[in-house]
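Q: Chains as they are written, first to last, in my numbering: chain A, 1 to 889; chain B, 1 to 617.
Simulated from the structure, these hints should not be mistaken for lab results. Since this is a predicted model, take the numbers as computed values, not measurements. There may be inaccurate statements among the hints.
[As the list claims (entries may be wrong)] Lysine-lysine pairs mimicking BS3-like chemistry, simulated, CA-CA at most 25 Å apart: (1) A:K815 x A:K787; (2) A:K718 x A:K787; (3) B:K352 x A:K836; (4) B:K68 x A:K718; (5) B:K352 x A:K819; (6) A:K690 x B:K411; (7) B:K363 x B:K333; (8) A:K815 x B:K351.
[Claimed, not checked] Simulated restraints, written as ranges between beta carbons of each label pair: (9) B:G35 x A:T229: 55 to 61 Å; (10) A:D789 x B:I273: 40 to 46 Å; (11) B:E31 x A:T229: 44 to 50 Å; (12) B:R254 x A:S861: 56 to 62 Å; (13) A:G196 x B:T137: 46 to 52 Å; (14) B:V389 x A:E853: 42 to 48 Å; (15) A:R474 x B:G131: 56 to 62 Å.
For every residue, glycine included, the Cβ atom is placed at its ideal position computed from N, Cα and C.
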Amino acid sequence: MWASLASHLAYHVTTVINSVCVCVCVCVCVCVCVCVCVCVCVYRKIELYEMGWSLRDGLKECLVAAAPYGGPIALLRQPQRPSSSARPQLEIYSSSGANMASFPWKSGPVRQLGWTVCDDLLCIQEDGTVLIYDLFGAFKRHFSMGNEVVQNQVLEAKVFHSPYGTGVAIVTGASRFTLATNIDDLKLRRLPEVPGLQGAPSCWVVLTQDRQTKVLLANGVDLYILDNTSCTPVVRQTQTTYSLLCLIILALSPLTVCVFQTPPGLSPQACSIVNMAVSFSYKYLALFTDSGHLWMGSANLKDKLSEVDTKVRTPPKQMVWCRRPKSQQPSVVIMWDRLLLVAGECTDTIQYTLDEESVCVAELDGVRIIGGSRHELLQEVPSACQDIFKIASMAPGALLLEAHKEYEKSSQKADEYLREIKEQSVLGEAVRQCVEAAGYEHEPETQKTLLRAASFGKCFLSNYPPEPFVSMCRDLKVLNSVREYTVGIPLTHTQYKQMTVQVLIDRLVYRKLYPLAIEICRYLKTPEYQGVSRVLKHWACCKVQQKEEPDESIAHAVSVKLGEAAGISYSEIAARAYECGRTELAIKLLEFEPRSGEQVPLLLKMKRSQLALSKAIESGDTDLVYTVVTYLKNEMNRGDFFMTLRNQPVALSLYRQFCKHQEQDTLKDLFNQDDDHQELGNFYVKASYKEKKLEARLSLLQSAVDEYNKAKNEFAAKATEEEMKLLRFQRRLDEEKGEALLGLSLQETLHALLTSNFHKQAEQLYRDFRVPDKRYWWLKLTALAEKDDWEEMEKFAKSKKSPIGYLPFVEVCVKQHNKYEAKKYVSKVTPEQKVKAHLAIGDLEGAAEAAIERRSEGEISTVLSRCSPTTDRALLERLNRARSTAAKK
Amino acid sequence: MAHSVRRDAPELPDFSLLKRLARDQLIYLLEQLPGRKDLFIEADLMSPLDRIANVTTLKQHDVDKLYKVEHKPIVSTSDQLCFLIRPRIKTVKWICDVVNADKAFGRFRRYKIIFSPQKFYACENLLEEQGIFGDVTTDEWSFYLLPLDDDIISLELPEFFRDYFLEGDQRWVRTAGSALHLLHSVYGPFSKVYGIGRCSKMAYESWREQVEEGEQRARQAEIGNVFLIDRDVDLVTPLCSQVVYEGLVDDIFRIKCGCVEFCPDVTSSDKSIKVMLNSQDKVFNEIRNEHFSQVFGFLSQKARNLQTAYDKRSGMNIKQMKTFVSEELKGLKQEHRLLSLHIGASESMMKKKTKQDFQELLKTEHSLLEGFEIRECISYIEEHINRQVSMVESMRLLCLLSLTENGLLPKDYRSLKAQFLQSYGIEHLLTFSNLKQLGLLVEQQPGETLTVMESRVGKLVNDKTAGKLTDAFSSLAKKSNFRALGRRLNLVPKSDEEYDLRVPRDMAYIFSGAYIPLSCKLIEQVLERDGWTGLEEVTRMLNGHEFAVTAGSNGSDARVKTDSQRIILVMFLGGCTFSEISALRFLGREKGIKFIVVTTAITNSARLLESMLDNHA
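Here chain A stands alone, though its shape is the one from the complex (with noise of 0.2 Å):
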């Protein structure tokens, strides 16, 4: 389907300017339009369709409903016979009548149909229920115009749109009016009761002005504004039953006229309003009364525009106003049931017979007729168009357009023309007028006649800005392809530049002609992302609702044809795959989301928290991670929490993170689960420390052994123990010694005792702790330096052989400033440490000696270079004379 239509419309694409184009299909009258004129305005009635429907009753027994821009049009046909069992067919078709749609009526009787303003059908049912539907058919969803309608019934009800969306408002059989702004964010509001309306008004209409909406209603002689909290009588000022009161008041007070409504200049003969209509911009209102005249006058009911008498008495079946943006006149079309007439500023009237039931649609520049066979534009004739095709018409388009005519047929009659307009120096102005009449023309012929003229004319011109021009053959080429049968969209050029491309890109979306909705875009060159993209998006959300295709082959081709589209949300996609329940293929195309942050929500959302997680990771995003771990610890019980962390590192140790900060004792049983029995110990130890008092403490490092046993971690198992071991004895010392040893190392403990005279206790940690010989007579020698204890020293010293030699002792007592002590033990170094020893001291000369015995040149060196050269120079001499020699050797 794709393909064909592709190539459809590329070929229409390019050649709508170009070609005859078939989207006035059988009609074959080169100018379908007969101009008529009412005073200075001229009208025309252009053919748009022959509709494509075959409906055998035409619109007879239907209830229509047209949306304005070249809508879609609606048709509730009532059945044949009317028997119980027979039920009315709801049928859509576009503009052009092409079926869209068409399923038989199952819910209750329906009372008004209408289109919203992005193409969804509104069906009103007698019970106040609203159903909505799309373009297609389908049910979207319903609401109720409220509970007291169920029993009053909707008499009546009109669809109508307001800056703030589409609106629905009804009126029951209890004679009150309902309203509904915004039927997207539904907000019911019940109007205040009507004095003296019995059933439904004679006529009434929808108004939005000063951003509020009312209702203007008509009850036989009677007009009345109600809004919100009041309902206000106009009064007529003709009428004589006027009080007093009011006059005195008026009298008063001029202010409060503007209370009194009335629409003034209506005839005295008038007696009762029989129909009213409102025009599309709600500024103009028409008016009329059972005498056959028509009042037109602002909506606000100050002003008056004109009054006509049609002289036909019957009322009109529908009123609507014809009259294009900045037009001066006013113009309304009425119609009966053979006749249409158009009545603008004076008293005559322009009148057709109809063939067929018709049905009439306001539009902004206006109105459509839609028959049983037949699909007409009436509007008024832009002056451009005027200007230049009125008979003997001397504007300068038209003289442009002659001239160019002359040209074709290379007659030297067009330069005459040209030399008339460009004598008036008016060649820019025929230019713009051709332009803009090629804008206001349907016939693609006539548009390409008239821009040929421009551009010729344009070639007179040195510095004519070449935007409009451009910008009008485009907008052309966009409209006559929306145009055309196939798409059925009638739009005007006033209407597309009201809507804007991107609202119409969105209708084309609307009607799943995505080919046609990429090749504007492309040829608009609208910016990817709001383009064809978009586009491209909507196609792949109705794509994935194919419930007959498998997973497999949609994802295939979602995915080759979004390939290099740019700024593409796969995840919007897969979220709506989601929505009509296939899991499966939102995953798959989650798979091609390149960014992991839309990936995630939608899998949690699928309680895929397993794949979600794992996405999450591959992400890099910790932040991401974190959502759906907290996401998981809600959602599951703790051990597959837990469970589900273990096979994901990373997840794991960011949520270690977290409970380190937050919750200890969450990390307890995390390591608890995993049996990390090592994790756990420190864990304990890690605890202990933060423990102030003892006892607690000794539990917390117990436990922190057994772990380590579990663990089969001996060596930390035993040190902890150790550790308790100490603090038992640290404590029992600090209580008869008091001592402030709890806390410290084994090696400052010690070195404590030692510093306060504690030998005992000392020796006895020692032996307790198997402390290497190395450590503890290194602990006692400095412990006794430190206290200057030189006799204890000496004592320690002779006491055994010393571990670590006696080369410290002599370095300890220099560190002292004790040189005296020191050269007690210099003797006791071993030889290899004597030249270190004797250095150390300050003994040059000894060291030279020892030096010199040991016959080592690296230590003579050493010698060297601390001696200097003018006081030592006897022992310089001396050591260089045993440097040379040992060198020898």
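Assemble the complex: chain A is given as a structure, and chain B must be docked to it using the hints.
A: For chain B alone, coordinates are given in the frame of chain A:
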């Protein structure tokens, strides 16, 4: 001292732009909370903030009082509180307490939290849990990069190392990616990206993602190539004692955010002085990359020159004197001041470092790097522990031993660990557990070593599966393979040759000629080969994750050696040391290229190991 500087070395891009961007954004954010407000600043954001906007600037934008975040109840009287913090749970929790306390007190204030450089979901989640999400407004100050010097940019995220490499928390990876993206969008487009390590790869991917999301602008690139490297690719280098001047200053005095505080015995006065250390300091600029043994000579030469410059005065007439005073004297005075400071610093360092034990320490380190006399080294370390010289130093030596030897023998491991615990306290049981997890200090597996198994497996199956297996093994135990790497890349020069530190011949000079830093050697090799070809063996030993990608479409332009092609951005994920920066500067001079170092933080052995401690206060 004069290096043969290649004259065509390209100009470095101007990074002050980054500061301006950060300042403007901060001001914008502050103005989002109109009116007077008190500003609470996270402690470790204070110095970086100072480099971006000083107190006067802040006061100009309605900041009333400045407080440091101390996790204590606050005393502010202002009605508007603004918190400028890192996205840390602890700090956010404190803010929650502050807000809830106000609520309980019935006090109404407006609160705004500015997270730098970004906010995390966890933080917002906490605000929600504590029920104050609606009471505070949050914002992000995307202050990713702080230019510390012409060629050093820091993310100032010291916790990156621990969070990523130890805790396996990847939240900062995206930050690194964003930082790279910022550089790319301001100074890019980069033409080629090399990298090694898992984190590098993730940061690279995160950056690519951001590039694809954003729009592309064609611009003249100011930075050509990028090299990303994980800190755990080379853990040996940061654990070595630094002997280059700048590194040594960092080791001893701790340079903080490009600024050092010299204590009174350096300044030879009674107060400490804060000094900015960067290329603006002419004296420092000349000695920062020198081996310490050369610095003194240089400084005395400098002093003599200065004296001569001063002495010029004597023979001057009045006019000359006038120009001298107006033009030169100020510069000389400044130089004088700096010179005396650096001489003071050198003296103080000399005092500490020329002592016998430092020499022995260096000797042990070098033996470890070379793999000589390991038993002596072990007993040295043992004595070091026994004498409680310094906890961090002891740990550093243990780690170096383990890294260079591919783990300790079980016997040594146990006895050293036991002694360490006795010396420095049992709490280090946890530290050891951390070190083990990171692979800094491990026990050799009894029996067949993994390397053997791996190579056998590697022969049996194809490369791809072997890669996966390697991954699997590496999760069991991270090995350093230092010896094999050293041989392969010739990291340890032969020790019998005399190394002239005056005229360095390779990057080994930064470690007195004993060792070429692995990280820098890798960079050199990859740039030389324009990729990883020929280094397969090396990358296998480093656990892979290497990549080399030609970014962007201008692949053909990459061959053209424009100036920007010779500016290389090196990003260290997990921190780098000043020694490495010096080595890269040396390499740049040799090759006629310029390196820009981007690091998550400046680190050194002490900072690295301190981050491994479990602070249990």
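Q: None of the hints should be skipped; say for each whether it holds.
A: Consistency of the hints with the structure:
1. Straight-line distance between C-alpha atoms of K815 of chain A and K787 of chain A comes to about 13 Å, which keeps the hinted pair within the 25 Å bound.
2. Proximity of K718 of chain A to K787 of chain A is assessed by CA-CA distance (about 34 Å); at most 25 Å being required, the pair is judged violated.
3. For the proposed pair K352 of chain B and K836 of chain A, the alpha carbon gap of about 19 Å is at most 25 Å, so the pair holds.
4. The straight-line distance between the Cα atoms of K68 of chain B and K718 of chain A is roughly 43 Å, outside the 25 Å bound, and the hint therefore fails.
5. Distance check on the hinted pair: K352 of chain B and K819 of chain A sit about 22 Å apart at the alpha-carbon level, within 25 Å; holds.
6. With a CA separation close to 32 Å, the supplied pair K690 of chain A and K411 of chain B exceeds the 25 Å bound.
7. Note on K363 of chain B and K333 of chain B: the hinted pairing is violated, with a Cα-Cα distance of about 40 Å set against a maximum of 25 Å.
8. With a C-alpha separation of about 15 Å, the suggested pairing of K815 of chain A with K351 of chain B holds against the 25 Å cut-off.
9. Range check, G35 of chain B to T229 of chain A: Cβ separation about 42 Å, and the 55 to 61 Å hint is violated.
10. Checked against the hint of 40 to 46 Å, the pair D789 of chain A and I273 of chain B passes, with Cβ atoms roughly 41 Å apart.
11. Our hint of 44 to 50 Å for E31 of chain B and T229 of chain A holds, since their Cβ atoms are close to 45 Å apart.
12. A hinted range of 56 to 62 Å for the beta carbons of R254 of chain B and S861 of chain A is inconsistent with their spacing of about 36 Å.
13. At about 59 Å, the beta-carbon gap between G196 of chain A and T137 of chain B misses the expected band of 46 to 52 Å.
14. The hint said 42 to 48 Å for the Cβ distance between V389 of chain B and E853 of chain A, and at roughly 32 Å that hint is violated.
15. Here the CB-CB span from R474 of chain A to G131 of chain B is close to 58 Å, well matched to the stated 56 to 62 Å.
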